[in-house]
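Using the hints, position chains Y and P against chain C.
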Amino acid sequence: MINSILSDIKRQKPLILNLTNYVTVNDVANCILAIGASPVMSDDLRDAVELAESASAVNINIGTVNRRTLRTMLKTGRTANKFGKTAVLDPVGCGATKFRTDACKKLISKVKFDVIKGNMSEIKSIAEVFCKRKSVQKSAGISCDSDIASEKSFSCDAGHTFGVDVNFSDAITEKNLLQNISLVKQLAQKLNCIIAATGKYDLVSDGDRCFVISNGNEQMEKICGTGCMISGMLGAFVSCCREKKLEAVAACISAMGIAGEKEGKIIDNLFCMTDDILESEAKYEIK
Amino acid sequence: MINSILSDIKRQKPLILNLTNYVTVNDVANCILAIGASPVMSDDLRDAVELAESASAVNINIGTVNRRTLRTMLKTGRTANKFGKTAVLDPVGCGATKFRTDACKKLISKVKFDVIKGNMSEIKSIAEVFCKRKSVQKSAGISCDSDIASEKSFSCDAGHTFGVDVNFSDAITEKNLLQNISLVKQLAQKLNCIIAATGKYDLVSDGDRCFVISNGNEQMEKICGTGCMISGMLGAFVSCCREKKLEAVAACISAMGIAGEKEGKIIDNLFCMTDDILESEAKYEIK
Amino acid sequence: MINSILSDIKRQKPLILNLTNYVTVNDVANCILAIGASPVMSDDLRDAVELAESASAVNINIGTVNRRTLRTMLKTGRTANKFGKTAVLDPVGCGATKFRTDACKKLISKVKFDVIKGNMSEIKSIAEVFCKRKSVQKSAGISCDSDIASEKSFSCDAGHTFGVDVNFSDAITEKNLLQNISLVKQLAQKLNCIIAATGKYDLVSDGDRCFVISNGNEQMEKICGTGCMISGMLGAFVSCCREKKLEAVAACISAMGIAGEKEGKIIDNLFCMTDDILESEAKYEIK
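Chains C, Y and P, in that order, are what the protein sequence lines are.
When you line the first sequence up against the working numbering, it's residues 1 to 287, in that order.
When you line the second sequence up against the working numbering, it's residues 1 to 287, in that order.
When you line the third sequence up against the working numbering, it's residues 1 to 287, in that order.
Hints may be right or wrong, so weigh each one.
Below, in silico cross-link-like pairs of lysine to aspartate or glutamate (DMTMM-like), each with a Cα-Cα straight-line distance of 20 Å or less [to be verified]:
no., chain 1, residue 1, chain 2, residue 2
1, P, K265, C, E263
2, Y, K262, P, D268
3, C, K185, C, D208
4, C, K265, P, E221
5, Y, K265, P, D268
The hints are simulated quantities; they were obtained by calculation from the structure and are not laboratory data.
The shape of chain C in the complex, shown without the other chains:
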């Protein structure tokens, strides 16, 4: 995907600011360290805004967001934009509660994210928010594929995310692959950012091309936080390769999948990952 991405990260050692949940935060920090970047965590408004100026990327993860920390996320995200820093959103549990869906709506409306990464239920919930009022969208010159927007699994009003896990019926399978690729592409076009939907297949699109990645295994779903670790690492991958963001996101997600496939601990495997391993073991197609 990108020949030198891991050595670039190790050389540049980017500072990644994480406004993230307290459930998986330790693993996020250790992943970022493992690939050679430097993590810092904050939830204070003043502190986080200051850190955003010196960081290379800001990773916003709403896993345990509350009213106070949402304000910190909004202001910090805007600061990241102002200073041209990479911004990543992990919309954990979007669709599970109105509170989380609204939080994502505000964040995506006010902050320009480089990447939004979630499971397919979360991504569908975002698509629902930003694509559902079709007349409004069309009058604004924004098209949204009606075939997809009108599907039941996509346009449900109530949240369809099951807590923070993907809803069984939303999981990416071979059968619904083409439909999900189409949805991911459209949302990427609409939001003008990279959309990454993780699952059995990981879909990564900039609205034009879509990487379909098949690294990883099912056991990874039984480990809390693999998704959050990806978001943290995305800050490092994308900020070190801003001219090839799509490939950087795909490389990051492949790296996590490869680390999960191997014997031993994911974080140790990330620590030992090289550009050669990543290049030779990444399994993907471009659609």
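Quick look at chains Y and P alone, frame taken from chain C:
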């Protein structure tokens, strides 16, 4: 205890909402995943109340509670009651500070818990709050065994919990077993819920019968969070078996003990636990 | 250093109150348990102040401090002082943001700490705050070595800490060892407390003597939280040996280094650490 409890959990995959401390939260999430249920964490009032409606159980753990999160716990607990969801309380450090004792008093007064699980110091502190004013209790038709309520180790005014660990003098031993069984039974009757006191022997009573469980080993006390993991899993065990709650609680605590006895990591052992293992390795008497 | 320190901790089982970040809090708790002490965590003002009265030591770590928790830290630190309890500060990220530098300034001005432990960037940031206005200091009878205070790497205005990691140019090396020893000694004199600066060499001084410790290895920097674990354990080491605080701090930092040098997990190695191991494997000089 219950033949099919673990397979029931895996089949039903209940959503367990955790309002819990940030010290052991990752282990709590991973335990819940390991047994086949789905964890979600929140501390925001709006978010947690919404999640309580869709979850199967709410686990409230006061390990790092503060003024704000106590409000979230009270409102979420009441929502769980309103919608008939399983409610579990882990009164971490009750008795160590007035703040924590008061928090438990409020929670137990306003929320109907299915299970309250703590170490013996915490359980005694709760008993003290709810049993000490005997005249009031009697006039209200509530009896409290005077032999126990008047014992020094039980009726002390100041908090007798040592931080979040059991006070040495409160630890359940063979010598004080009968006395502690009696205390646990009484408190269960009084609060009309299941009381589980963990230690060398784990006591689980609905006020009538008391399971005395002897799985586990001493090293588990040297691992931070085994108690919190039990609370999280209790949500899954009890919500999947509401007609046999006492047995479900006993099964959950045995499962953790068995997982701790085996070589390797507790969470891996929970992942591999089956109904057969649980049935054959659970060590308990009913008193 | 101190013959019986680890057995003293195991015998006394001191209660260590931690007002610490949610990134590494689980490891901090497990380290404290591993050496035989008892951890408790809090961020609520009322709860923490109450706990400070019954604890042996208070460990304040600003890794994810915010406005609310800073108030808790200030009040709890003052309570620790009032009751003669050991107080430890870990100024995580001091120098990285004005918010964190100000937080440390307030904490150090209002609370008398027994030990302040940080990486060399954090320690330099503190030195800058408390030593830079030389005229004021001299008029107040406080001397600050002008050779050091005027050095570029020391007296920079902007924060020179790189997130929460040491700035490359600040790292303690053989080349800058004497200069850093001098800085640490001066700061210890000025603040009348023990200053510990960790790195390839760990420097621990009471203003008079300076332990130069060379246990540990580089891989420890790739594990998030080894610094935070030290702060938590410092509470136990110092509170069990208040008449030899300098040696207690040095012993604690050596113990962590030795645990990191060995095969296997740091926490398991701490669990197995004995006074004999510590005495025979500690590598240090006194300057």
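(request) Please flag the earlier hints that this structure goes against, numbers listed from lowest up. (result) none
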